[in-house]
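Keeping their order, the protein sequence lines are chains L and E. For the first sequence, our numbering begins at 1 and goes up steadily by one. For the second sequence, our numbering begins at 1 and goes up steadily by one.
Misleading hints may appear alongside valid ones.
[Stated by the list, open to error] Using C-beta positions, here's what the derived DEER-type ranges look like: (1) G97/E - D74/L: 23 to 31 angstroms; (2) P62/E - R46/L: 20 to 28 angstroms; (3) D4/L - V79/E: 50 to 58 angstroms; (4) L96/E - T64/L: 50 to 58 angstroms; (5) L5/E - A2/L: 42 to 50 angstroms; (6) A10/L - V23/E: 41 to 49 angstroms; (7) R92/E - Q82/L: 28 to 36 angstroms; (8) E57/L - M107/E: 53 to 61 angstroms; (9) T92/L - F81/E: 48 to 56 angstroms; (10) R63/L - P33/E: 46 to 54 angstroms.
[As the list claims (entries may be wrong)] Pairs of lysine to aspartate or glutamate residues, derived as DMTMM-like cross-links and limited to a Cα-Cα distance of at most 20 angstroms, are as follows: (11) K71/L - E57/L; (12) K65/E - E57/L; (13) K7/L - E67/L; (14) K73/E - E57/L; (15) K39/L - E106/E; (16) K39/L - E128/E; (17) K39/L - E103/E; (18) K71/L - D74/E; (19) K71/L - E128/E; (20) K73/E - D11/L; (21) K73/E - D3/L.
It should be emphasised that the hints constitute simulated quantities derived from the structure, not laboratory data. Where a beta carbon is used, it is the ideal one built from N, C-alpha and C, also for glycine.
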Amino acid sequence: MADDLFKALADSTRRTILDELTERSGQTLFEICARLSMKHGLGLSRQAVSQHLAVLESAGLVRTRREGRYKYHDLDTAPLRQITQRWPVPTTSSRTGPTPEESSS
Amino acid sequence: MKIHLTSVFVDDQAKAEHFYTEVLGFVKKHDVPVGETDRWLTVVSAEEPGGTELLLEPAGHPAVKPYRDALVKDGIPLVQFAVDDVHAEYERLRALGVHFTQEPLEMGPITMAVLDDTCGNLVQIATEPKP
Numbered sequence: 001m002a003d004d005l006f007k008a009l010a011d012s013t014r015r016t017i018l019d020e021l022t023e024r025s026g027q028t029l030f031e032i033c034a035r036l037s038m039k040h041g042l043g044l045s046r047q048a049v050s051q052h053l054a055v056l057e058s059a060g061l062v063r064t065r066r067e068g069r070y071k072y073h074d075l076d077t078a079p080l081r082q083i084t085q086r087w088p089v090p091t092t093s094s095r096t097g098p099t100p101e102e103s104s105s
Numbered sequence: 001m002k003i004h005l006t007s008v009f010v011d012d013q014a015k016a017e018h019f020y021t022e023v024l025g026f027v028k029k030h031d032v033p034v035g036e037t038d039r040w041l042t043v044v045s046a047e048e049p050g051g052t053e054l055l056l057e058p059a060g061h062p063a064v065k066p067y068r069d070a071l072v073k074d075g076i077p078l079v080q081f082a083v084d085d086v087h088a089e090y091e092r093l094r095a096l097g098v099h100f101t102q103e104p105l106e107m108g109p110i111t112m113a114v115l116d117d118t119c120g121n122l123v124q125i126a127t128e129p130k131p
């Protein structure tokens, strides 16, 4: 599971897809392709975008749902918790780095 | 050469006539019986009665269903109509019970949204890009 997660996040196009799903969850493939092409200048084929989405889905970061005849993609950031559990982040942003005591809480 | 007519396949021509005229606001141009049940049914823009006609064509051919189902699943519209204000049109159509698969999306100078025409197709509405 963790390997899938890091593999999914290692690609900049997939990170961009997650950025766009953060802006609006519940997008069709058409909308995702439009956003990648028009906002980011990424001229990917729909098949290529589908494959990226499949990688994100296998990592649990994207969930698909069929609603009648349509298929939507939703963002699920829950798997990212694994990263902060493995390498805890400080609870306050004012410090440049956590002390071991703080990060263990 | 110019585009005189283009078509969308519709499951039910009576339903399509209602949706394209009463809901979207097009005007019926031709309605001629063809065969037993089919009609040569076209609509035009109320703003452009002499403009391109849209044929609402019966979707009986066996290739149509798998083709359209695959497009609808991925949210791909078959046709695009220009409107002055996508947000206003979105609100107007939503109030009429129209289902959108894509809410208005600002893409630089263009705004677009995608709706279900209830006859088997997705339709994109968009602002015309300003020169």
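To see whether the hints hold, each was checked on the structure:
A beta carbon spacing of about 24 angstroms between G97/E and D74/L agrees with the range 23 to 31 angstroms that was offered as a hint. Checking the proposed 20 to 28 angstroms range against P62/E and R46/L shows it holds: the Cβ atoms sit about 24 angstroms from each other. With their beta carbons about 39 angstroms apart, D4/L and V79/E fall outside the hinted range of 50 to 58 angstroms. Here the CB-CB span from L96/E to T64/L is close to 29 angstroms, at odds with the stated 50 to 58 angstroms.
The supplied range of 42 to 50 angstroms is broken by L5/E and A2/L, whose beta-carbon atoms lie about 57 angstroms from each other. With their beta carbons about 46 angstroms apart, A10/L and V23/E fall inside the hinted range of 41 to 49 angstroms. One distance hint, 28 to 36 angstroms for the beta-carbon pair R92/E and Q82/L, is violated here, with the actual separation near 46 angstroms. Separated by about 25 angstroms at the C-beta atoms, E57/L and M107/E break the suggested range of 53 to 61 angstroms.
Between T92/L and F81/E the Cβ separation comes to about 52 angstroms, which falls inside the hinted range of 48 to 56 angstroms. Evaluation of the 46 to 54 angstroms hint for R63/L and P33/E yields a pass: the beta carbon distance comes to about 49 angstroms. Straight-line distance between C-alpha atoms of K71/L and E57/L comes to about 13 angstroms, which keeps the hinted pair within the 20 angstroms bound. The hinted pair formed by K65/E and E57/L fails the criterion: a straight-line CA distance of about 28 angstroms is larger than 20 angstroms.
The suggested pairing of K7/L with E67/L is violated, with an alpha-carbon distance near 29 angstroms, which exceeds 20 angstroms. With a C-alpha separation of about 17 angstroms, the suggested pairing of K73/E with E57/L holds against the 20 angstroms cut-off. Using a Cα cut-off of 20 angstroms, the hinted pair K39/L and E106/E holds, with the two alpha carbons roughly 10 angstroms apart. The straight-line distance between the Cα atoms of K39/L and E128/E is roughly 18 angstroms, inside the 20 angstroms bound, and the hint therefore holds.
Taking the CA atoms of K39/L and E103/E, the gap is about 17 angstroms. The hint holds against a cut of 20 angstroms. A threshold of 20 angstroms between alpha carbons decides the hint, and for K71/L with D74/E the separation of about 6 angstroms falls inside it, so the pair holds. Distance check on the hinted pair: K71/L and E128/E sit about 28 angstroms apart at the alpha-carbon level, beyond 20 angstroms; violated. Among the hinted pairs, K73/E with D11/L is inconsistent with the structure: their alpha-carbon atoms are about 26 angstroms apart, more than 20 angstroms.
With a C-alpha separation of about 30 angstroms, the suggested pairing of K73/E with D3/L is violated against the 20 angstroms cut-off.
The structure is inconsistent with the numbered hints 3, 4, 5, 7, 8, 12, 13, 19, 20 and 21, although it conforms to all the rest.
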